[in-house]
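Novice: Here's the letter readout for the chains.
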Amino acid sequence: MKMMTILSMCVLALFVTSCEDGPTGPHPSLELSLIYDAPPVTGILVEVSGKMIVQGPVVTMTSTALPKDSIFSNEIHLSTANININSTPTLRLVFKTLPTGPGSFAFTAATIVPGAGTFVPTSDQGAFVSISGNLYAPVSGTITITEVRKNGEDIIGYSGYVNGKLKAMFPRGFTPSIAQPFPPGFNIASPTLVGETLTLHSAVFKTRSPSRVRPTNPQ
Amino acid sequence: MRSMVLVFASLVFAVSAFAMESSVNAVDSTEPPSTTLIVPAEPPKEQYVLRVGPTLGLVSGGIAMENADGRKVNPDVWFMQNYGVMIFAPFTKGSSMGARLDIGIATVGTRTRPYEFYDSETDWKGYTIERYTYFSIAPQVSLYGIMFGAGFNLPMKGEIWHPERADNKFTVDKNTMKMAIDIRLGGAINVWNSKLGILTIDLLAKYWVTGLYEDGMYTNGVPVTAVGNADPSATPSDVINLTPISVHLGLSYQFKLGL
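These protein sequence lines map, in sequence, to chains A and B. Reading the first sequence from the start, the letters are residues 17 to 235 in our numbering. Reading the second sequence from the start, the letters are residues 2 to 260 in our numbering.
Read the hints as simulated data drawn from the structure, not as lab findings. Heads up, the beta-carbon is just placed ideally off N, CA and C, and yes, glycines get one too. Careful, some of the hints might be misleading.
Unchecked claim - Away from chain B, derived, C-beta distances all over 12 Å, residues of chain A:
1. P39
2. G59
3. N90
4. T134
5. S139
6. F144
7. P207
8. P231
Said to hold, decoys possible - Examples of chain B residues lying across from chain A (beta carbon under 8 Å, computed):
9. Y119
10. S121
11. T123
12. V223
13. A231
14. S234
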């Protein structure tokens, strides 16, 4: 009995020494700047503004390059193209106010609000990912700003990374009809996200666009 | 590292204290009573000796057995990251054959070259390190020191980092990792046997047969081009799992507990 007690305590001690959830941190394979050779040409430089690894029940694990970026009054927008349509992969980072220095910014879980004849997911801080024709809103996670580039009072660029869990408002493939305007589980009196979960394993970004933004409410 | 040393020290202390007490009791119980002075002494009765003690992995190495298209793998080596306790129960009194149970922290890893021009290097020189930590319960059979069995490994932590940026790690989403089963073969070489216990050198090879991730969840399991972009011809079934092999060299001190 005494031996069993000692062993049980040892096992417990071992188990609690380190248990960590994720995802957190920048994935090291997400390089934004790369020099490569394609003989006879060598030293070819490619740069993108962001890269992200996402995966979910209806999204195969994939790494997506985001060469375009812009900074708005309270958002950083990264995309595969200048003009975004529904099928264009984008990563939109929303802040309560634009960060003026490095730091971590926890997601605020998205809520659903009535929009123009429909419902729209909204959050005052977090990451929204548009991929494969579906929009995923923040549930939990963190945006980490590692560098803020400034020109006087103006912010001209950001570097950082994002990790987190997101969720779609409706399941993919759901088509509203008169008989079923909303998917099962969606309560219009108290609407919540009922679609698939998307894991934003890691996104790394360094904006390159000639942005110049002045935060209206510095932190 | 500090917590590992503390846990290991406490294990040694706890098991040592218990073993010392058992050995004292054993001596007391064999003391002949005064009334038997005129009776011829019986030959000492052989005890069933259970062996319990701490284990410490000194050096470990691992490599993935498979890589996704556009990636490569290399072996990685690490030190002092496996530790735990073991119990050896002989099949019969005095037998060198028995059942062994190892419980503790097990690590496995690999070096991965994410794509050909990673880190702006050529010829696959750039790489990342992947390291996974498990709480492991491993029943085994030991036949004269030759061990074989299986390990049931509950995920505790997974990390991927660049070797020159170790303070900037990517921590894997633990929900994407599964209970990994390894099959193992190895040996325990007796190097010092005393009344208190046996010091052994343990050498163990493991094949993580189930893989470490749930299906489709391995972030480095996706086919890529030479510059790291997603391979447009890849399909969901091309996402591989991480199935490494690992070897461990370590020590265990097995206190003898007479029953």
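Novice: Checking each numbered hint in turn, tell me which of them this model violates, lowest number first.
Specialist: Failing hints, ascending: 1, 2 and 14.
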